[in-house]
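Just so you know, the protein sequences line up as chains A and B, in that order. First residue of the first sequence? That's 1 in our numbering, and the numbers climb one at a time after it. First residue of the second sequence? That's 1 in our numbering, and the numbers climb one at a time after it.
Derived DSS-like pairs (lysine-lysine); straight-line CA-CA distance at most 27 Å:
hint: 1; chain 1: B; residue 1: Lys49; chain 2: A; residue 2: Lys146
hint: 2; chain 1: B; residue 1: Lys55; chain 2: A; residue 2: Lys142
hint: 3; chain 1: B; residue 1: Lys271; chain 2: A; residue 2: Lys138
hint: 4; chain 1: B; residue 1: Lys271; chain 2: A; residue 2: Lys25
hint: 5; chain 1: B; residue 1: Lys271; chain 2: A; residue 2: Lys146
hint: 6; chain 1: B; residue 1: Lys49; chain 2: A; residue 2: Lys138
hint: 7; chain 1: A; residue 1: Lys152; chain 2: B; residue 2: Lys271
hint: 8; chain 1: B; residue 1: Lys86; chain 2: A; residue 2: Lys362
hint: 9; chain 1: A; residue 1: Lys138; chain 2: B; residue 2: Lys55
hint: 10; chain 1: A; residue 1: Lys152; chain 2: B; residue 2: Lys49
hint: 11; chain 1: B; residue 1: Lys86; chain 2: A; residue 2: Lys374
hint: 12; chain 1: B; residue 1: Lys271; chain 2: A; residue 2: Lys142
hint: 13; chain 1: B; residue 1: Lys49; chain 2: A; residue 2: Lys88
hint: 14; chain 1: A; residue 1: Lys88; chain 2: B; residue 2: Lys271
Here are some of the chain B residues that sit facing chain A, going by a computed Cβ distance under 10 Å:
hint: 15; residue: Val195
hint: 16; residue: Phe269
hint: 17; residue: His306
Read the hints as simulated data drawn from the structure, not as lab findings. Note that beta-carbon positions come from the ideal geometry of N, C-alpha and C, so glycine has one too.
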Amino acid sequence: MAAPKFDEIGFYDKSKLLDFSHSPKAGDWLDPKTDFRDGSWIYPTKAKHLEYLKMPNPREWNPKDEDWALPDNWKEIVIEGFRERLHKYRSLKVFMDICVRCGACADKCHFFIGGGDPKNMPVLRAELLRSIYRGEIKTMTKILGKLAGGRKLTKETIKEWFYYFYQCTECRRCSVFCPYGIDTAEITMMARELLHLLGLGVNWAMEPVAACYRTGNHLGIQPHGVKDTLEFFADDIEEATGVKVDIPINQVGADVLFVTPSGDFLADPGTYTCMGYMTLFHYLKEKYGFTYTWSTYASEGGNFGLFTSAEMMKRLNSKIYAEAKRLGVKYIIGGECGHMWRVLHQYMDTMNGPADFLEVPKNPITGTVFENAKSTKMIHICEFTADLIKHGKLKLDPSRNAGWNVTFHDSCNPARSMGFFEEPRYIIKNVVPEFHEMPENTIREQTFCCGGGAGLGTDEFMEMRLRGGMPRGNAVNYVKEKFGVNKLAAICAIDRATLQTVCEYWAPGVTVTGVHEMVANALVLDGEKEREVNFRMEPLPGKEGSDV
Amino acid sequence: MNLFVSLIAVVALFFAAMLGVDSMGLHSLFGIALPYLAIAIFLIGVVAKVIGWAKSPVPFHITTTCGQQKSLPWIQSSHLENPHTKWGVFVRMALEVLFFRSLFRNTQMAIEDGRAVYGPSKWLWGAAMAFHWTFLIVFVRHLRFFTEPVPQPILWLQSLDGFMQIGVPVLYMSSLIFLAAVTFLFLRRVVLPQVRYISLAADYFPLFLLLSIGGTGFVLRHFVKTDVTAVKELGVGLLGFNAVASPDIHWLFYVHLVFVCTLFIYFPFSKLMHMGGVFLSPTRNLTGNSREVRHVNPWNYPVEVHSYAEYVEEFRERMEQAGITIDPVPEAPKEGH
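Let the sequences and hints guide you as you build the complete structure.
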């Protein structure tokens, strides 16, 4: 067997990975030195994607090169871009001025906890930007120079920015603890916008952006491919349940448009969650006449534009309202996805609203009006399902999920940018017999990132993903040992992909699931055959001996 | 290095003030001109800074939510940690500004048996509360030097502060707590490797300045026992624009005053502006109801989008072959809105 490479988890020996100190060695962080070691950085954007998106400075380059082929006036571009953003964002302006460097955020970042690199302390990550603000922009500190913690913008600084602002997953955990609410996600977003002005980005984020712009989803699945995928899922559902579900695509006049991250089309276990949605919607149509539709044009709920720039976020997000309008639906339901919900909850209405052509979301089955989404007109599938369960509108058999001992991972964005805690928990407790919480400093608003959010979930970043995933992995392992937990539920497609790896490394034996996979598995359908397997084609409890 | 630069700056201020008054007789410069200048710079600087911040808009609704959202009626939402009303935001901000709510959450991470664990950590919060509140009390107490007669609330505060009745003149609790808290904050900065690593001269300087202000004030009250009547004449005079800086006042008082003036002058240009900035932090001062009420971005501009018409242009054939509904195809403008 070939020796594992740096993009595989077998490459990383746990004791070596953990052989580091959280006490930074004395030294001056103002001198930028960046070591692009394998496993800790992400391949840059291919020129063709930037060209397609009409973004600046498309070219092939490598961070390990001395010369990054920046435009001649790169410095001017960055300083001008910085000034422009100070004028456009109060957040940036205030956050540049008021940090007192108290250090409360230092040990809150998963990358610092699992890696010990001092520049992964949120305060220092922000200082990478702040020091340029003090050294190049702010008059008073410009004069004092290094004495005031200012420094000049050099190409070395740019390299350092590229390295560390693509070692932040924009999870916002530090901002919960900051006495002034300084949000490193906001800092990182600004820094990435500045980097993009020079054509510096990562391919793992920008290829999906380009694909989404063209085909409507990050994976670049063309319309017929979307249909094929859903048909394939329908076949699997039929095999497991004996019920053939409809696949409404681009249906004018459906009650709702359903949008979910395309990650759920591609990789297990997200695929099972997608089957879950399809099964649930089938049930609602058969029983209550509630109709939904998929869209091929808006076949992506996620938005890697969020990890690129405000403008790119808006360009990609525009499809959702446009499609809802074109199809004449009443409102929109969104699937289980983390950063998608940050965009939908905090940006969509501002950027592409007002959605005055839609109705205030109302569940016709329960009569519930979702006042909390009366402007955006988009609700989370978990809000919708929790409401159905509360009103007794779903026939559920939780015993089918027996053997799944579940814990719930709060995804960063629904947690810290929505406050989405009880809805998924309520659902889980109604569909599985056994549920245990992880330790309190690792859940809800204090939840830990999977280590692969914000465009970092790629295998060439494996060392940092394992380091960043350590706090979450440790907490999962804790409940595994204490309560025998074997399933980690998450309402995020990136989680469903990256936490697989995190669990494999830090909490072996625990696998990942989505909430609606469990819902649909427990859902008792009209006309179903005797259920013997779940969507994973694993035998249900008590059916292990059956011939499946 | 950052530490020593700051220390030298404060020592230099000390000698400048001492020599200026004691050997050169610059009482009026340090006792009258400087305070006026300092107050002017402070007021103009702070106002300018806050206006500068406020001039930049808040384009997006980026609340950091630290509690349950308001959604379904039967789910208890967290009014303070994720407020959906302006009143909730007001209380959240009040807790933040008066009691440092977010800092109170602080945890300390440690690695035990190769596993990251988190314990509560209230020391920073405690020291920060002690420092800020006693600083406020000391500040308010000092108003007795500027007012005649002294307003009753200040006298009450004074007697409460000195209720232990130790020493003559009475020892104020706030003075001790202030000095202890600032010393703690300084030691923490030097001792903890992470915090030492991030500390700039701009972090040490204000701490040294505060310690010097507190230290000189303490010595003046309890050891030098300077001519308080003359000090009060100066204070009242400053407010009435008819001040006399008496040479009878001990030179150490002028050192104390120069330190205070330095703090005022330094304030608007430094991290001390967190006092104003905390009120403008968009992650804390916005509601959590961004799906309920639309947030308007004043600079929202049209962007290039990939319309459904363009999409169909590329994929029509495949959609037809796969039997996917294509119509209607609205004539979409190239530009979004």
